[in-house]
Amino acid sequence: MTKSILFLESGGDGITVTLRAGRVWKRRVRTKDAVLVTIDRLLSAAAQRGRDLGGIEVALGQGTFSETRAVVAVANALSYAFRVPVQQGSPFITATYKSEPRITL
1176 MTKSILFLES GGDGITVTLR AGRVWKRRVR TKDAVLVTID RLLSAAAQRG
1226 RDLGGIEVAL GQGTFSETRA VVAVANALSY AFRVPVQQGS PFITATYKSE
1276 PRITL
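Read in order, the letters of the sequence shown are residues 1176 to 1280 in the working numbering.
If you're looking for bench data, these hints aren't it; they were derived computationally from the structure.
Positions of the beta carbon are idealized from the N, C-alpha and C atoms, including for glycine.
Don't take each hint at face value.
Said to hold, decoys possible - Okay, the calculated beta carbon distance ranges per label pair: (1) Gly1229 - Ile1278: 28 to 38 Å; (2) Ala1220 - Glu1275: 36 to 46 Å; (3) Tyr1255 - Val1212: 13 to 23 Å.
Required output: the full structure, derived from the provided sequences and hints.
And the structure:
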């Protein structure tokens, strides 16, 4: 059986979550808070579990600072929890931002 692949992409107006497990399930979420729920729903729809994943792929597009940070954090956390690689075998990934964050205190 071919292992399923989870794809996460930050894109500026939300995060795209795609699961390829025989067929393709794809959802776009507007808030970073919905990413884990969406992943869980896609895995359920595909009759898969996290440990069934063969890997996690991440595309860091023109997403906002928060989206990019959320995608990287989710990918690294799931990689650690399910013991699956991120990207092409890398243990963890880091984010590269298009500009400095605007954080105010």
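Handout entry: Broken hints, by number
Key = none
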